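Could you put together the complete structure from these sequences and hints?
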Amino acid sequence: MKAAVTSKGVALDSEVDPRFGRAPYILIVDTETMAFEAVDNSANVNAFKGAGIQAATLVADRGAAVLMTGYCGPKAFAVLQAAGVKVVNDIDGTIRQAIATLKAGTVTYASAANKEAYW
Amino acid sequence: MIVSVASGKGGTGKTTLAVNLAAALGRKAQLLDCDVEEPNAHLFLRPEISHSRKVGTPVPLVDADRCTLCRKCAEICRFNAIAVAGRQVLVFADLCHGCGGCTLVCPEQAIAEVDRELGAIDFGTCAGPDYVGGRLRVGEAMAPPLIKQVRAAADPRRITVVDAPPGTSCPVIAAMHGADFVLLVTEPTPFGLHDLRLAVEAVRLLGIPAGLAVNRADLGDDAVFAYAEQQGLPLLMRIPFDRAIAEAYSRGQLLVDADPCWRGQFQALYRAIETLVRQGGAVPCANS
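If you read the sequences in order, they're chains A and B. Residues in the first sequence are numbered consecutively from 888, following this note's numbering. Residues in the second sequence are numbered consecutively from 4, following this note's numbering.
None of these hints come from the bench; they were simulated from the model. For clarity, every value in this text was computed on a predicted model and none was experimentally measured. For glycine and all other residues, C-beta sits at the position ideal for the given N, C-alpha and C. Watch out, some of these pointers could steer you wrong.
As the list claims (entries may be wrong) - With beta-carbon atoms standing in for the labels, derived distance ranges:
id: 1; chain 1: A; residue 1: D927; chain 2: B; residue 2: R74; range: 17 to 25 Å
id: 2; chain 1: B; residue 1: G142; chain 2: A; residue 2: G950; range: 48 to 56 Å
id: 3; chain 1: A; residue 1: G950; chain 2: B; residue 2: R81; range: 24 to 32 Å
id: 4; chain 1: B; residue 1: R254; chain 2: A; residue 2: S929; range: 21 to 29 Å
id: 5; chain 1: B; residue 1: L72; chain 2: A; residue 2: K990; range: 28 to 36 Å
id: 6; chain 1: A; residue 1: S929; chain 2: B; residue 2: R49; range: 40 to 48 Å
id: 7; chain 1: A; residue 1: S929; chain 2: B; residue 2: R207; range: 28 to 36 Å
id: 8; chain 1: B; residue 1: G29; chain 2: A; residue 2: R909; range: 27 to 35 Å
id: 9; chain 1: A; residue 1: S929; chain 2: B; residue 2: G142; range: 49 to 57 Å
id: 10; chain 1: A; residue 1: R909; chain 2: B; residue 2: P263; range: 56 to 64 Å
id: 11; chain 1: A; residue 1: D927; chain 2: B; residue 2: E78; range: 55 to 63 Å
id: 12; chain 1: A; residue 1: G896; chain 2: B; residue 2: A229; range: 44 to 52 Å
id: 13; chain 1: A; residue 1: G896; chain 2: B; residue 2: D224; range: 44 to 52 Å
Unchecked claim - Stretch by stretch, here's where chain B covers chain A in the computed footprint (C-beta under 8 Å, at least three residues):
id: 14; region: 888 to 900
id: 15; region: 912 to 920
id: 16; region: 969 to 981
id: 17; region: 989 to 996
Right, dumping it as structure tokens:
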């Protein structure tokens, strides 16, 4: 299974970035092999509006089944839901730790956004 | 003639200048309240509203049966208002700026445009100028399309005085664009100067001749006046920090009614604006 995790850096030991749409990198990790790709999200970091929507489209297009992040807003959540990507919020620590909790089955999947849209 | 009354900083006296200028010109003028997020010109002009109409903006409606998920609509949208996720196309109507790009590029003609309500325009008359005012729906963030429609509702045979919103962002540009003259209002304080600089930059980008009115002109310091002189921004009116003026304002009374000598001053202000527009705005600062 592929999981997407918002990241401050490009390695498995990088810290999770709590922001979804405006995280500098999104790591797409294969949970069986721990092989990963660090996707540069910098184009979205300075997006005028709709950064979450773009990031959600990116995560869905890369074939991730789960997104792990800090906060996910309502528009991004709607896109992920439509694409069938499950969301785990309130993630911190490193990417490696996040994937470990996912594999251990101790995560709670979100049923709604945990951050309000902003202007 | 279209005169837009604008400022960088809020609360400097845009509405005071706009309603009194329009009132001093009487029947030959009309006041457009383009501060649609918090319109207040009607509190001073007290127009009788003859009719109102709703204003909307076009947003896409996607026919899922015709859509092939090609994503051309999502690619052209600068505001990410339309996204393709899984087998669905999602529309985020509150992000849509109504440009119609998605409808145009859809190869399947699967996108229709439907109206999303932004607010309303009120039309009214009073003893003096006509009144046209925009009211943005509570909770709505998309002011420019409503402001453009308020502008379009103006009677071109009358002198148009536009009460613009504060700031220098899109709603202000919508309220200044196409005007013959921008009357900038500020106060002689560091905040007033800071935001005046931004407003002057915006007006210069639009290439519209401008002049300055300083409210509460005997407060603060001289930096605003020095800046105006250095920029060649003509000082067209000074309104003192005066208790009688503040009391009239707090009662919703026009300055030109409270003290008739102001009627003459606002008429003189309009004549000065006319002269500047004829000369293309290049005149020396009035207090230099």
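Verification of the supplied hints:
The hinted range of 17 to 25 Å is satisfied by D927 of chain A and R74 of chain B, whose Cβ atoms lie roughly 20 Å apart. In this structure the hint that G142 of chain B and G950 of chain A lie 48 to 56 Å apart at CB is violated, the actual value being about 37 Å. For the pair G950 of chain A and R81 of chain B, the supplied restraint of 24 to 32 Å holds, since their beta-carbon distance comes to about 27 Å. At about 55 Å, the beta-carbon gap between R254 of chain B and S929 of chain A misses the expected band of 21 to 29 Å.
As the Cβ distance of L72 of chain B to K990 of chain A is approximately 32 Å, the hint placing it in 28 to 36 Å holds. Separated by about 54 Å at the C-beta atoms, S929 of chain A and R49 of chain B break the suggested range of 40 to 48 Å. Range check, S929 of chain A to R207 of chain B: Cβ separation about 33 Å, and the 28 to 36 Å hint holds. Separated by about 53 Å at the C-beta atoms, G29 of chain B and R909 of chain A break the suggested range of 27 to 35 Å.
The hint said 49 to 57 Å for the Cβ distance between S929 of chain A and G142 of chain B, and at roughly 32 Å that hint is violated. Distance hint check: the CB atoms of R909 of chain A and P263 of chain B are about 57 Å apart, consistent with the given range 56 to 64 Å. Between D927 of chain A and E78 of chain B the beta carbon distance is about 19 Å. The supplied range of 55 to 63 Å is therefore violated. For G896 of chain A paired with A229 of chain B, a C-beta distance near 50 Å keeps the hint of 44 to 52 Å intact.
Under the hint 44 to 52 Å, the C-beta atoms of G896 of chain A and D224 of chain B, about 49 Å apart, fit the expected range. Counting residues of the region 888 to 900 of chain A whose C-beta sits closer than 8 Å to any C-beta of chain B gives 0, which falls short of three, so the coverage hint is violated. For the region 912 to 920 of chain A, the proposed coverage by chain B is not satisfied: 0 residues have a C-beta within less than 8 Å of a C-beta in that chain, short of the threshold of three. Counting residues of the region 969 to 981 of chain A whose beta carbon lies closer than 8 Å to any beta carbon of chain B gives 3, which reaches the threshold of three, so the coverage claim holds.
Under the rule that three or more residues need a Cβ within less than 8 Å of chain B, the assignment of the region 989 to 996 of chain A is violated, with 0 such residues.
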